[in-house]
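Construct the entire structure; sequences and hints are all you get.
Chains as they are written, first to last, in the working numbering: chain A, 1 to 140; chain U, 141 to 280; chain E, 281 to 420; chain S, 421 to 560.
Hints are supplied without guarantee of correctness; some may be wrong.
To be verified - Quick list of the computed label-pair ranges, beta carbon to beta carbon:
(1) U:M263 with S:E506: 30 to 38 Å
(2) E:M398 with U:T244: 16 to 24 Å
(3) A:G103 with E:A380: 29 to 37 Å
(4) S:P470 with U:D145: 35 to 43 Å
(5) U:L153 with E:K401: 21 to 29 Å
(6) S:V505 with U:T244: 37 to 45 Å
(7) S:P424 with A:K67: 28 to 36 Å
(8) A:W132 with U:M258: 32 to 40 Å
(9) U:Y265 with A:V105: 50 to 58 Å
(10) U:M263 with E:D343: 21 to 29 Å
(11) S:V546 with U:K248: 45 to 53 Å
To be verified - List time: in silico DSS-like cross-link candidates among lysine-lysine, alpha-carbon distance up to 25 Å:
(12) S:K487 with A:K32
(13) S:K499 with U:K219
(14) U:K248 with E:K347
(15) A:K79 with E:K312
(16) A:K92 with A:K67
(17) U:K172 with E:K347
These are calculated hints, taken from the structure and not from any lab test.
Even for Gly, the Cβ is constructed at its ideal location relative to N, Cα and C.
Number of protein chains: 4
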Amino acid sequence: MSAPDLSHEVELLVAFHDLDPMNVVWHGNYPKYLEIARCALLERFGYDYPAMRDSGYAWPVVDMRLKYVRSAEFNQRIKVRAEIVEWENRLKIEFEIRDADSGTVLTKAYTIQVAVDMATKEMQYVCPPVLWERLGVPRP
Amino acid sequence: MSAPDLSHEVELLVAFHDLDPMNVVWHGNYPKYLEIARCALLERFGYDYPAMRDSGYAWPVVDMRLKYVRSAEFNQRIKVRAEIVEWENRLKIEFEIRDADSGTVLTKAYTIQVAVDMATKEMQYVCPPVLWERLGVPRP
Amino acid sequence: MSAPDLSHEVELLVAFHDLDPMNVVWHGNYPKYLEIARCALLERFGYDYPAMRDSGYAWPVVDMRLKYVRSAEFNQRIKVRAEIVEWENRLKIEFEIRDADSGTVLTKAYTIQVAVDMATKEMQYVCPPVLWERLGVPRP
Amino acid sequence: MSAPDLSHEVELLVAFHDLDPMNVVWHGNYPKYLEIARCALLERFGYDYPAMRDSGYAWPVVDMRLKYVRSAEFNQRIKVRAEIVEWENRLKIEFEIRDADSGTVLTKAYTIQVAVDMATKEMQYVCPPVLWERLGVPRP
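Spelled out as structure tokens, the structure:
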């Protein structure tokens, strides 16, 4: 059985209000681009934010890292690719932001989320089965 | 009986991430300054956002206007004064943002909020008495 | 000679990070939606932010008003229509944000910008001719 | 000769507009808290953003990592401590965000900046001496 494709890509246009006085995107605005890609990725698997809530789990980000390779500019068309690379004990998503035309890499990043039972407020050390069902991956 | 003072003032420092490529605060970031002043004002009267929720009402902003007189710059110390000027049928707050040192006016604004019953989702055409009690104003 | 169409429309998806604890878009995030529509509108006429700068003028927003009719929710597809309604002495743009599917109006807004000569820092009480040329409107 | 203290701490109040539908600060808003602490730290050493520009160098963030330990809530008073831990080839700052009252750690983070010569646009593989002079550290 082949592994399912757990990736998704969105295309965005850099907005004026994301720029800083250096005329490039302020580094702290990139988490918004990751959020948009992550939401689109999870929606593809029927497990977006409302579905997470309905399943009884919140999935807070507990770790985030961004490496900035090249700056992004006003009105630049960028692609944000997100791919789930861990789903057993935590949900790790890797991101790559590229210029939409040239494919040049601008930013690499990852985020790690863990499941929290919304009733007990307890962090889960193993991901709940609802994640694996939605992603179509075998139970670890 | 004299009218109570329904105003409050906060002091802020303009952050780097609020600047745009013109090296001044992007106009769309000022609603954050208003929010900070409004929250401090309402907290003074024991009716901040958690207290509103506990009272059974949400208070969405339905109208906001800002007039930009002078731009604000990096690290500029500013004062945001907020004053409640209507509380009978809607909650209208007027704002004035000034340079903290010179007192020069930078921005004038107002926001209008209405009460929404969180149980019925119905907009209230008269403010709920809890507002008047907290503000210490006579029932209109 | 018929008047040119000075409007433009963009479609957006409401992002998670624009939501507040009421699970709707925080009112102070709408200026970002207006900015995106304004930039797309001005780009259509070859007078986007870099072109403004190259023409020697900055165009700060001096007045902004938003009327919130209905709230916007997570992942809601919205349309933001922007139309230039004044261009003689100041640049006034009117906005209408609607649900993309039903067409229901969510927000109405306008912004007013004035030209500032970047060399002299002087505000212009008549718009510079470059604006009229780009818009294809007769000189007032 | 003892090493100089290269740390600084700021105190902040969590704003309403930083909250997400979970009623806690959205993870992508923390870079703003780091920015405020970093700017205050660098200002202490006379090398804030305008001073950097005047020295001929931009200092873009090339790497940022945040570990989220506990969530922050509305109106929570937090302390953000920033400390310069590398200054030879790159500027690395470590951050700790704690609850102001209890001292409980909420978030740990670091950012890494490199100097870029604004005239040549070239990244510097050794920090420019102006940094060491301002920090009062010996030339490495």
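Verification of the hints:
1. U:M263 with S:E506: 30 to 38 Å: Given a distance of about 56 Å, which is not inside 30 to 38 Å, the answer is violated.
2. E:M398 with U:T244: 16 to 24 Å: holds, 22 Å
3. A:G103 with E:A380: 29 to 37 Å: The hinted range 29 to 37 Å holds for A:G103 and E:A380, with Cβ atoms some 30 Å apart.
4. S:P470 with U:D145: 35 to 43 Å: Hint holds: Cβ distance 38 Å, inside 35 to 43 Å.
5. U:L153 with E:K401: 21 to 29 Å: Roughly 24 Å apart at Cβ, these two residues keep to the hinted range, so it holds.
6. S:V505 with U:T244: 37 to 45 Å: holds, 40 Å
7. S:P424 with A:K67: 28 to 36 Å: Since S:P424 and A:K67 have Cβ atoms about 29 Å apart, the given range 28 to 36 Å holds.
8. A:W132 with U:M258: 32 to 40 Å: holds, 36 Å
9. U:Y265 with A:V105: 50 to 58 Å: Holds, at about 56 Å.
10. U:M263 with E:D343: 21 to 29 Å: Hint holds: Cβ distance 27 Å, inside 21 to 29 Å.
11. S:V546 with U:K248: 45 to 53 Å: holds, 49 Å
12. S:K487 with A:K32: holds, 17 Å
13. S:K499 with U:K219: holds, 22 Å
14. U:K248 with E:K347: holds, 17 Å
15. A:K79 with E:K312: Holds, at about 20 Å.
16. A:K92 with A:K67: The given pair, whose Cα atoms are some 16 Å apart, holds under the 25 Å limit.
17. U:K172 with E:K347: holds, 17 Å
The structure shown violates just one earlier hint, number 1.
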